[in-house]
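*Asks:* Chain by chain, the residues run as shown.
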Amino acid sequence: MAKMTLEELRKLRDEEKKGLSRRNVENKDTQIIIGMGTCGIAAGAKETLDVFVQTLEECELSNVRVTQTGCMGLCYVEPTVEVIVPGMPDVIYGKVDAEVARKIVRKHIINKALINDHIYDKPSADIVGEGGAQ
Amino acid sequence: MPGYNHYILVCGGTACQSAKSEQIYKNLIHECEKVGCKEKTQIVKTGCFGFCEQGPIVKVLPEESFYVHVTPEDAKEIIEEHIVKGREVTRLLYDKSESKKRASIDEIDFYQKQFRIVLRNCGVIDPENINEYIARDGYMGLEKAIFEMSSEDIIEELKKSGLRGRGGAGFPTWMKWNFTKGAADPVKYIVCNADEGDPGAYMDRSTLEGDPHSILEAMTIAGKAVGANYGYIYIRAEYPLAINRLKIAMKQSREMGLLGDNILGSDFSFDIEIRLGAGAFVCGEETALLRSIEGERGMPTPRPPFPATHGAFGKPSVINNVETLANIPVIIHKGGEWFSRIGSEDSKGTKVFALTGKIANSGLVEVPMGTTLREIVYDIGGGIANGREFKAVQTGGPSGGVITKDYLDTPIDYKHLKELGSIMGSGGMIVMDEDDCMVDIAKFYLGFCVDESCGKCAPCRIGGRTLYDILDRITKGEGKLDDISKIKEVGHAMQKASLCGLGQTAPNPVLSTLHYFNDEYKAHIKDHRCPAGKCKSLISYHILADKCIGCGLCARRCPVNAISGEIRQMHAIDQDACIKCGECYSICKFDAVYVR
Numbered sequence: 001m002a003k004m005t006l007e008e009l010r011k012l013r014d015e016e017k018k019g020l021s022r023r024n025v026e027n028k029d030t031q032i033i034i035g036m037g038t039c040g041i042a043a044g045a046k047e048t049l050d051v052f053v054q055t056l057e058e059c060e061l062s063n064v065r066v067t068q069t070g071c072m073g074l075c076y077v078e079p080t081v082e083v084i085v086p087g088m089p090d091v092i093y094g095k096v097d098a099e100v101a102r103k104i105v106r107k108h109i110i111n112k113a114l115i116n117d118h119i120y121d122k123p124s125a126d127i128v129g130e131g132g133a134q
Numbered sequence: 001m002p003g004y005n006h007y008i009l010v011c012g013g014t015a016c017q018s019a020k021s022e023q024i025y026k027n028l029i030h031e032c033e034k035v036g037c038k039e040k041t042q043i044v045k046t047g048c049f050g051f052c053e054q055g056p057i058v059k060v061l062p063e064e065s066f067y068v069h070v071t072p073e074d075a076k077e078i079i080e081e082h083i084v085k086g087r088e089v090t091r092l093l094y095d096k097s098e099s100k101k102r103a104s105i106d107e108i109d110f111y112q113k114q115f116r117i118v119l120r121n122c123g124v125i126d127p128e129n130i131n132e133y134i135a136r137d138g139y140m141g142l143e144k145a146i147f148e149m150s151s152e153d154i155i156e157e158l159k160k161s162g163l164r165g166r167g168g169a170g171f172p173t174w175m176k177w178n179f180t181k182g183a184a185d186p187v188k189y190i191v192c193n194a195d196e197g198d199p200g201a202y203m204d205r206s207t208l209e210g211d212p213h214s215i216l217e218a219m220t221i222a223g224k225a226v227g228a229n230y231g232y233i234y235i236r237a238e239y240p241l242a243i244n245r246l247k248i249a250m251k252q253s254r255e256m257g258l259l260g261d262n263i264l265g266s267d268f269s270f271d272i273e274i275r276l277g278a279g280a281f282v283c284g285e286e287t288a289l290l291r292s293i294e295g296e297r298g299m300p301t302p303r304p305p306f307p308a309t310h311g312a313f314g315k316p317s318v319i320n321n322v323e324t325l326a327n328i329p330v331i332i333h334k335g336g337e338w339f340s341r342i343g344s345e346d347s348k349g350t351k352v353f354a355l356t357g358k359i360a361n362s363g364l365v366e367v368p369m370g371t372t373l374r375e376i377v378y379d380i381g382g383g384i385a386n387g388r389e390f391k392a393v394q395t396g397g398p399s400g401g402v403i404t405k406d407y408l409d410t411p412i413d414y415k416h417l418k419e420l421g422s423i424m425g426s427g428g429m430i431v432m433d434e435d436d437c438m439v440d441i442a443k444f445y446l447g448f449c450v451d452e453s454c455g456k457c458a459p460c461r462i463g464g465r466t467l468y469d470i471l472d473r474i475t476k477g478e479g480k481l482d483d484i485s486k487i488k489e490v491g492h493a494m495q496k497a498s499l500c501g502l503g504q505t506a507p508n509p510v511l512s513t514l515h516y517f518n519d520e521y522k523a524h525i526k527d528h529r530c531p532a533g534k535c536k537s538l539i540s541y542h543i544l545a546d547k548c549i550g551c552g553l554c555a556r557r558c559p560v561n562a563i564s565g566e567i568r569q570m571h572a573i574d575q576d577a578c579i580k581c582g583e584c585y586s587i588c589k590f591d592a593v594y595v596r
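For the record, the sequence lines run as chains E and Z.
Residues 1 to 134 in our numbering are what the first sequence lists, from first letter to last.
Residues 1 to 596 in our numbering are what the second sequence lists, from first letter to last.
Excised from the complex, chain Z in its bound form (with noise of 0.2 angstroms):
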C-alpha cells in the first residue's frame, strides 16, 4: 500500500453539506484524477467540525490547513496549487496573515477552550468507515465490557464516572441501568432517544451523523450491562443524514460480528432497529416515545410506573440520550475515574452546546462541565455579533430560562443552571442581544410549546394556551397590570400539574423572563412601549428633519408605498399606511429613520 502524501477531511455535516459540500468533495476527487495524484492523496468525508459559521470547512493534512467557506469552484484550486505544487491557498484560510506561525487548529480560539469526548470522531473520521473508528480506539469499550467486564463491574465504572443524562433532566445513568438490571422480565431493551427537538439544538444529529458507531458501541453496551439482547434507535425522519449514515453502520457492524448472534465469537447477542418519528416534539419524551416506538399515538403516560421497570411493549427498558450514549464507549475503555476528574463537582465530564442566535461564531462547541458563560460566549463564541450589546442567553429550549449579563460568570453545570432558574436541557444556546424583546422571545418559546402539545392533559392544554394569550395581548399594547400575577398564577399551576415535562416546563421560559427583565413587561403594559423596539403593535417608524436629505432611497425600498416626499424634502411616513417592515430603518445611510 503506497503511503499518502496529503489528506483531505471534507466536512460532511448537514450543514456544509446544505452549502455544497457534496459537490465540493466530487469535485476534489475529479480535480485530483485530473492532475494524477489519486493515489497520493486520500480524500475525505467527515462528520460535523463544529464551526458551522465558517462552512463549509475543508482541512488538507499534514499541514493542517484549516480552509474556510469553500465553494465547489474552489476544488480545483486548492487541488492544483496545494496538493501539487505544496502552496496553500491563502485566501481560503482561516487565519490569512503571512507569518509563518500561521493559526493551525489547535490554534483557532474556536477550539481553544473545547475538550472533545463526544464529538471525538467528529471532523476526523470517515463516518462510512468502520475501519477508521476502529482505529480510533472504537470498539474497544466494546472488548472489555463483553471479555473482561460483568455487569456489576459496568455499572460500577459508569457510578463512579459520574455520568448524567444529556437529554435534559440529568439523572444519574447509572441509576437507570441499575433499575433495568434489577427488574425481573427475562426480556428487556435498550433505547436510544434520538428525538432531538429543541428549537436550535442540533447535537445529537451532528454526533449520529459523524460518529454513528460509538452509538451502536454504546447500546451494545448498555445491553450486557442490563440483560439486554436487542435495542431501539428512534430518530425523527427529519434527520435523513443521520438515518443513513446509521443504516451504513450497523450493516458494516453487523457483517464484521460487532453486532447480531453471537459478537465477537462471545455468547452475548445484540441487535438494533430504527424507528423512524414523525417529529412531534412530544415523543423526546420517553414515556411518548415508547408508545410511539410501538406503533401507538406518541402521548405521553403517567410515571410511575417508570420505564426501567415498565418501558418499550411493558418490558424494562434503558432511555439514554445519544449524546449520553457517546460517552459511555470513552468511560468503558478509559475508566470511569478518568472521565471523573474532568468537569465540576456534581456535573462531570463534558457538555455540547448548539451556539446559536446573535453570537459571532455559531456552531457545536464541546467543554468541561463547568466552564463558565463567560468563556463559552465570548472566547469561544467571539461574542455578539455586529457589536452589539450582549442581553441575555436562552439555554434549554423552550424548557429553560435566559440567564442575563449578571451571570456571565456562573459555571455551566446542572446545580448552577437550576439555581438561575433555566435548566441544561439538550444544549441549546441561544444568544440574544439588545435589540431582542424578551417577551416576544418568551411568546416564541410558549407558542412552540402549544403548537407541540400533544392536549392529553388539562393544564398543559388551557393553560399554555391562557397564557400565550396573556403574552400575545402584551405584545400587542392591550396588557393589564394583574396579567404578571395571572402569569405567575397559570404557570406555576402547569408546572406543578401537567403530565409530563412538555407541559411542567412549557412556563419556564414566561416565568423566566418575568423575573430578570420585569422592566420590560412593565413597559409594554404600562407605557404601551416595546424597549427593545421589537413589538410592531407598540412601535412606529418616523423620519427626522434634520437628518433627512430627501435622497428618496426609503420611499424606493418601501414595499407597501408609504412614505412620500419630493426629490431633496424631507420624506414621511404615512402611519396608516406603514406595515412596520423596517426596511426604511435599515437602508437610510443618514440614520434619519428613528422607531419610537
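In isolation and in its complexed conformation, chain E is listed as follows (with noise of 0.2 angstroms):
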C-alpha cells in the first residue's frame, strides 16, 4: 500500500472497524440464534444466517449477535430463529427464509414490532439454571 495521508488515515480506520466491530461482543444487548440442527440444515438454515449477516450489515447495525443452536425441536417449521432484543418478548420464528429474515431484522430489530405470523413459540425456561427445577 502506498503511503497515507491523515485522511487516508482515517477512512481505512472506519472501514478496518466495522470489520472488526462484528469480532467484537461487549454491548451487543440484541441476539439472533439460528437452530442449526441437521434438519434446520437441511431446510436452508445457512442461506438464513449468510441473510441475517448481510442484512445487519447494510442496516449498520452493530448492537446485534448472530449465534448458531442446535435443534429447537420445531422441526416442522424449520429454519427455526430465536430472536431476543431487549424490552420486548423473546420469541421463536419458524419458516424463517431469506425474504422472513429480512423482515426480522427491518421490522423486529430496527421498528420494535413482531411479525406475528410468523411466530411459533417462546423459548423453554431454563431448567437447568437457577429457579428451573432442580
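In short, the hints are calculated from the structure, not lab data.
One or more hints might be untrue.
Output of the computed footprint for chain Z on chain E, the stretches with three or more beta carbons under 8 angstroms from beta carbons of chain Z [to be verified]:
id : stretch
1  : 78-86
2  : 117-123
Below are the DSBU-like pairs computed for lysine-lysine, each with C-alpha atoms no more than 35 angstroms apart in a straight line [unchecked claim]:
id : chain 1 : residue 1 : chain 2 : residue 2
3  : E       : K11       : Z       : K334
4  : Z       : K76       : E       : K18
5  : Z       : K38       : E       : K11
6  : Z       : K26       : E       : K17
7  : E       : K95       : Z       : K34
8  : E       : K3        : Z       : K40
9  : Z       : K38       : E       : K122
10 : Z       : K315      : Z       : K20
11 : Z       : K536      : Z       : K456
12 : Z       : K456      : E       : K18
13 : Z       : K536      : E       : K18
14 : E       : K18       : E       : K112
15 : E       : K46       : Z       : K38
16 : Z       : K34       : E       : K17
17 : Z       : K159      : E       : K11
18 : Z       : K251      : E       : K17
19 : Z       : K536      : E       : K3
20 : E       : K28       : Z       : K26
21 : E       : K17       : Z       : K113
22 : E       : K122      : Z       : K85
23 : Z       : K38       : E       : K3
24 : Z       : K113      : E       : K28
25 : Z       : K144      : E       : K3
Anything over 10 angstroms on all C-beta distances counts as not near chain Z; from chain E, calculated [as the list claims (entries may be wrong)]:
id : residue
26 : T30
27 : E99
28 : K103
Think of the CB as a built atom: it goes at the ideal place given N, C-alpha and C, for glycine as much as any other residue.
With the hints in hand, could you dock these two chains into one complex?
*Replies:* Next up, the structure:
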C-alpha cells in the first residue's frame, strides 16, 4: 500500500472498524440465535444465517450478535430462529427464509414490532439454571 | 465482501506456540477448506491471551467459546462440530458445565479483576496485520500528537497521567522526556528497552508479540515530543518471534507512511532500527544498554551524566521500557486525566504481572495499581497449586524481595512495595509454598546476579561472590552464627557502593528473606536443619517401620539402588548411597517415606 495521508488513515480506520466490531461482543444487547440442527440445515438455515449477517451489515447494526444453536425441536417449521431484543418478548420464529430474515431485521429489530404470522413459540425456561426444576 | 459467520482466534504467543499452536492454526485452515466454510470463517493468529496455564487457547466468536488445552488433532472437531453444525465442543471448553449460562471470557475468574491497557490488543487482533491495529484506535494517538499537539502539550498530558516507568525504578516518564526535550543537542534518540531479563518475567515479550504497533506508535510520539527523529529497539536475540513481528510491523508502517519521512504527509519524520542483544542481564541497565547499542561491550558507566542528556552515541536519549511505552498511545488518545483515574494515589494506571511458581493459574495478568496481593494470588491466580500452603511471593526478580502471608492485603504499588523491602521491578511474581526453602531461594537469585555481574566494579564482583559463598555454606549446614551479621554488612556495602542497579539490588532477595524468615536461617545454622526439606545436605530420607508394607516400589524406582529389603518385609535406605533425589518419597503410596 502506498503512503497515507491523515484523511486516508482515518478512512481506513472507519472501514476496518466495521469489520472488527463484528468480532467484538461487548455492547451487543440483541441476539439472533439460529437453529442449526440437521433439520434446520436441510431446510436452509445456512442461507438464513448468511442473509442475517448481510442484512445487519446493510442496516449498519452493530449491537446484534448472531449465533448458532442446535435443533430447537420445532422441526416442522424449520429453519427456526430465536430473537432476543431488550424490552420485547423473546420469540421463536419458524419458516425463516431469506425474505423473513430481512423482515425480522427491519421490523422486529429496527422497528420493534413482532411479525405475528411467523411466531411459533417462546423459548422454554432454562430448567438447568436457577429458578427451574432441580 | 461477504460477512464472516465465525471468527476463530488462535493464540500465537511463545508459550502457546511451543505447545503447537502454529500447527493448530494450520490444521484449522486446512479443515475449514475441506468442509468448504473458508469464506465464512476468519481464522486469526493473535498475541498472548495471558492465561498460559490453560494453553494453547482457541477462542471462537461470536459464541465466545473459550477452548483450552487444544491439540492440533482437535482442529477437525472444532471445525466439523462447532463451525459447521453450531455445536460447541464441550470437552475442550474451559467451563464444561452444561448449563446455558456457561462461562464466557467475561465470567472466567482469571479475567474478572483484570483491566487491560497494555495488553489491550493481545489475544484480540492479528499482530501481523496493521489494519486490525488501526481498527482498534491504533495510530490515533500519533495523529493527535502530530497534528493537534505541541511538544509541550504531549509532555503535559503525560504529566497529568502520572505514568511512571514500568522497568523497575518507577521514575516519572514525563520528567525523562522533559529532560531530553530540554537538551540543546539537535540530534536525539528514542530507545526502547526490550531487554527483559528477570527470571519468570515475560510481559514485554508478550506485548511485542501481541501488539508490536503499539510500541512503534509510542516511540514515534516520543520522538515528536522530545524532538528526535530516530529510535532504537534494543531486544534480546532470544526473542525471535517478537523480533519477527516487530520487523513485519515496521515494514507495514513504513509502507503506509506511519514511519519514515514525512509521517502522514506532515513535516515530521521518524524511523526505528532494531538492535539485537546477546542476552546479558546487565544490558537491561540503561548505560550498559547504550554501550551495547553503540557496539561496545555491555558495561555500565557512572551516572551522571544521565542518558537524558548524554545517551546513545553521546546524544540526549529517552530510554523507556516496553510496558511503559505501550501505555503512551492510550494516554495521548484518551487523555492523561482518564489514565490518572486508574490506579492508586502515587501509582497510576495498571501493571502487568507474570504470575509463576506454585500458583494454580500461571499466566500474564494486568490489574489496576493498588490491587492487593490476595486478589492477584487467590482471585485471579486461583490460589496455590496442589492445595499447599502459601508461604511468600517474590516480586521484582533478582532485584526484589519477598512478601509474606502477613502482608497479603497490601495494595501493590510502588510505595507499598518499597515499604515492604521489595520493588515493583519488571513485574515478575513468583509464588512459593511451604516446600520452598527461603535460604535456597535467596541463593538462587544471588547466584543469578553473580553469573550476570559484568565484573567492572568490586562491590558487585567480590561482594556478590562473598555473599554467595556464605549462603552456600549455610545450605550445607556449615554456617556460623556470625554469618548473619556478615551477610548484612556485605549486603549493605553492595547496595551503597555498586556502580549500577544490578549490584545495588543484588543483595535484596537475601536481606529480604533474612528479615522475614530469620528463623529459617537460624534453623540451618544452629540446628543444621532445613525446615522446608529442600537443602540436600541437611536432609535424609527414612522409611517408617509401621507404615512400610514391603511392596518394593521405592526400591525399583531408586536410581542408585540405595533401597534394599525382601518383598513384604520392611525396606531400608542406605544413607551413604542415597543421593536424596526424593523419588522414593513421591512414589510411596503409603506415606512410609519421610524426610528428616
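*Asks:* Hint by hint, note whether the structure agrees.
*Replies:* Status of the hints after comparison with the structure:
no. : hint                 : verdict
1   : 78-86                : violated (count 0)
2   : 117-123              : violated (count 0)
3   : K11(E) with K334(Z)  : holds (20 angstroms)
4   : K76(Z) with K18(E)   : holds (30 angstroms)
5   : K38(Z) with K11(E)   : holds (28 angstroms)
6   : K26(Z) with K17(E)   : holds (26 angstroms)
7   : K95(E) with K34(Z)   : holds (30 angstroms)
8   : K3(E) with K40(Z)    : holds (31 angstroms)
9   : K38(Z) with K122(E)  : holds (34 angstroms)
10  : K315(Z) with K20(Z)  : violated (44 angstroms)
11  : K536(Z) with K456(Z) : holds (34 angstroms)
12  : K456(Z) with K18(E)  : violated (56 angstroms)
13  : K536(Z) with K18(E)  : violated (61 angstroms)
14  : K18(E) with K112(E)  : holds (24 angstroms)
15  : K46(E) with K38(Z)   : holds (14 angstroms)
16  : K34(Z) with K17(E)   : holds (30 angstroms)
17  : K159(Z) with K11(E)  : holds (31 angstroms)
18  : K251(Z) with K17(E)  : holds (22 angstroms)
19  : K536(Z) with K3(E)   : violated (64 angstroms)
20  : K28(E) with K26(Z)   : holds (31 angstroms)
21  : K17(E) with K113(Z)  : holds (27 angstroms)
22  : K122(E) with K85(Z)  : holds (23 angstroms)
23  : K38(Z) with K3(E)    : holds (31 angstroms)
24  : K113(Z) with K28(E)  : holds (21 angstroms)
25  : K144(Z) with K3(E)   : holds (18 angstroms)
26  : T30                  : holds (12 angstroms)
27  : E99                  : holds (18 angstroms)
28  : K103                 : holds (19 angstroms)
Violation of the numbered hints given earlier is confined to hints 1, 2, 10, 12, 13 and 19; the remaining hints are satisfied by the structure.
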